[in-house]
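Please work from the sequences and hints to get the whole structure.
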Amino acid sequence: MAEIRLEAVTKNFGDTTAVANVDLTVRDGEFVVLLGPTGAGKTTTLRLIAGLEKPDEGRLFIGGRDAAPLSPAERDVAFVFQQYSLYPHLSVYENLAFPLRSPVRRRDEATIRKTVERVASMLRIEKKLQNRATRLSGGEMQRVAIGRALVRSPSIYLMDEPLSSLDAKLRSDMRLELQHIQRDLGATMLYVTHDQIEAMTMATRIGVLDHGRLVQVGTPREIYEAPRNVYVATRLGMPSINLLPAAAFAGQPMPPGAATIGARTEHVVVGRTTQGRSAAAKVDWIEHLGDQNHLHLSLGEHKLVTLVDPDMALSVGDAVDLSLKGALYFGADGERIAA
Amino acid sequence: MPDIEAIADRAASATPHGVAKVVRGLSDRSIAWLFVAPTMVLLLAINIFPLIWTVYLSFTNFASNRPNRPVVNVGLKWYQDILSSPEIWAAMQATAHFVFWTILFQTLIGFSLAYLIDRKFRGHAFWTTIILIPMMLSPAVVGNFWKFLYQPQIGLFNYVVSFFTGIPPSSFEMLGSVTLAPWAIVIVDTWMWTPYVMLICLAGLRSIPDYILEAAEVDRASRWQQFWSITLPMALPFIMLAVLFRGIENFKMFDMVMLLTGGGPGSTTELASIALKRQAFEAYRTGYSSAFAIILFVVVFGLANVYVKALNKVKQR
Chain A
1 MAEIRLEAVT KNFGDTTAVA NVDLTVRDGE FVVLLGPTGA GKTTTLRLIA
51 GLEKPDEGRL FIGGRDAAPL SPAERDVAFV FQQYSLYPHL SVYENLAFPL
101 RSPVRRRDEA TIRKTVERVA SMLRIEKKLQ NRATRLSGGE MQRVAIGRAL
151 VRSPSIYLMD EPLSSLDAKL RSDMRLELQH IQRDLGATML YVTHDQIEAM
201 TMATRIGVLD HGRLVQVGTP REIYEAPRNV YVATRLGMPS INLLPAAAFA
251 GQPMPPGAAT IGARTEHVVV GRTTQGRSAA AKVDWIEHLG DQNHLHLSLG
301 EHKLVTLVDP DMALSVGDAV DLSLKGALYF GADGERIAA
Chain B
340 MPDIEAIADR AASATPHGVA KVVRGLSDRS IAWLFVAPTM VLLLAINIFP
390 LIWTVYLSFT NFASNRPNRP VVNVGLKWYQ DILSSPEIWA AMQATAHFVF
440 WTILFQTLIG FSLAYLIDRK FRGHAFWTTI ILIPMMLSPA VVGNFWKFLY
490 QPQIGLFNYV VSFFTGIPPS SFEMLGSVTL APWAIVIVDT WMWTPYVMLI
540 CLAGLRSIPD YILEAAEVDR ASRWQQFWSI TLPMALPFIM LAVLFRGIEN
590 FKMFDMVMLL TGGGPGSTTE LASIALKRQA FEAYRTGYSS AFAIILFVVV
640 FGLANVYVKA LNKVKQR
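Residue numbers (the working numbering), protein chains in the order written: chain A, 1 to 339; chain B, 340 to 656.
It should be emphasised that the hints constitute simulated quantities derived from the structure, not laboratory data. All the given hints hold, so there is nothing to weed out.
Here are the computed distance ranges between Cβ atoms for each label pair:
no., chain 1, residue 1, chain 2, residue 2, range
1, B, LEU571, A, ASN12, 30 to 38 Å
2, B, TRP466, A, ASN12, 27 to 35 Å
3, A, LYS127, B, SER424, 57 to 65 Å
4, B, GLY641, A, LYS127, 35 to 43 Å
5, A, PRO69, B, PHE460, 18 to 26 Å
6, A, ASN131, B, LEU365, 47 to 55 Å
DSS-like cross-link-like pairs, simulated, lysine-lysine; straight-line CA separation at most 25 Å:
no., chain 1, residue 1, chain 2, residue 2
7, A, LYS127, B, LYS654
8, A, LYS127, B, LYS652
9, B, LYS591, B, LYS616
Derived list of chain B stretches under chain A, where covered just means 3 residues or more per stretch with a C-beta under 8 Å from a C-beta of chain A:
no., stretch
10, 538-552
11, 557-563
Ideal Cβ positions, reconstructed from N, Cα and C, are used throughout, including at glycine.
Structural data, given as structure tokens:
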């Protein structure tokens, strides 16, 4: 296991900057998740670490060693590709055994068999070992791809959206599974996703990327509760944070300079009676989720979505009163202002 | 967008009354047959019928230069004659030699070229085009052209060989020597058709996604291992397809070799199709050559079938 350190790493593809001046340290045994939408530079960051791309600027250290002169093989990383990258002409068993047959790691057949079977049962694909890699369901393929990383004991695991093509049930199972595996192996893992639930549940720390720049790095709690700016705030939270101009809640006390209010559902208190510092809103739509209701409201010309108890008797068109409790405030430049 | 129904109405009103009446009485199925019929008739007339007729002729003493002679059924005589004829076996052997070596060289060189040209380097499109030129020439042109190259006194081929080996250029005759002539036609066919094999292999190599090779690289596979366990097996169906195409083509090779050597010296380069042409249109033994054609057909068809089964097995993986 090893630590990864990126120092001011930049990568351009023609005119577009995929990764801009990124500083990031993934400590030994840490599970770091890079979060960001498509095109934020998440995959490129992984590929730079794996050695599949060369940085234009900056330095990269793996286990304290400068990685620049090292080939992908010498870096000893395991990479789970988003497109599975299974070897289509080989069986599942051969796919899993492939990394173990590498000349630098030549193991005898009995050891290979034992390792492959252990990983296959961990991922519950032991019945599929003799199948062709292409004769599997999407979920099985993805598990084989993860398995191919697990059969080795690399210094780092790099995972590029490995759960993106699984159905919801399997995804939540695999989330737990991956966390257990990571903890049991004490593995250093850098994991890329655009799924905020994966980021929140699995990460020791989250790094939020925006157009190649690393905007904020912190524990899931820090990122959620103290986002540096509007962009980071909108990455987390379901339903997503409501952004309203400060004027919409004119009566509320606000830090000086606040231009935008970021109100997560837990910051919005919905009441039926007017209590001094509140604003009047109208119920536009109610979505019943079972344990909770999504409440779509309009406050003047602004729309917001929040969660309420299902037993709160409301119907479309009702007038409600809104007040804020511990909301986030952002200045005109989008940066957060501490309340 | 024009109104479809309006067009249909116009077409209906323009159809002559008699035709309309007949068509209205037809089922969809019979209309479908009507549309397919011209192709079927054509296929029967120029493909199926001649084949059946050849089978019939192969049992007779018919000769196309003596159409008025009474046709006698000779049974399996021609088949017996052919299968016990040393000339025919020599022709079959020459063909096997030609097919085997051309395929071997073309596949090895073609795949190697494809592997080299698959790496992106400056001007690789230009070089691909250059390499493809021989394939675009007519076999007749190639045959005549190489006749000059092989000329012992003024030919470039002999000169180049002498330049590298020191053997005097006029000391050997590629086309005139019994031992060299079979190799001379292999060289020309390889020169001409390697680009074609390269093109198919290139398609195979391009079909391997980058991320598969990247995965192998991250999995610490050596270059050698990447080639043997990823690149080659994944390109194999394409290579096999190229071998199939070249095999069938060269089994019936006629034009290039006919112009280059005319089957000689002696009958050393008399391939099956050249022997067949001699029997059919020089000796006018139509029945005999029909039987020979049928034998060739069965051989090619059988081999190709076995091969396609193997190919499908590889492709299914």
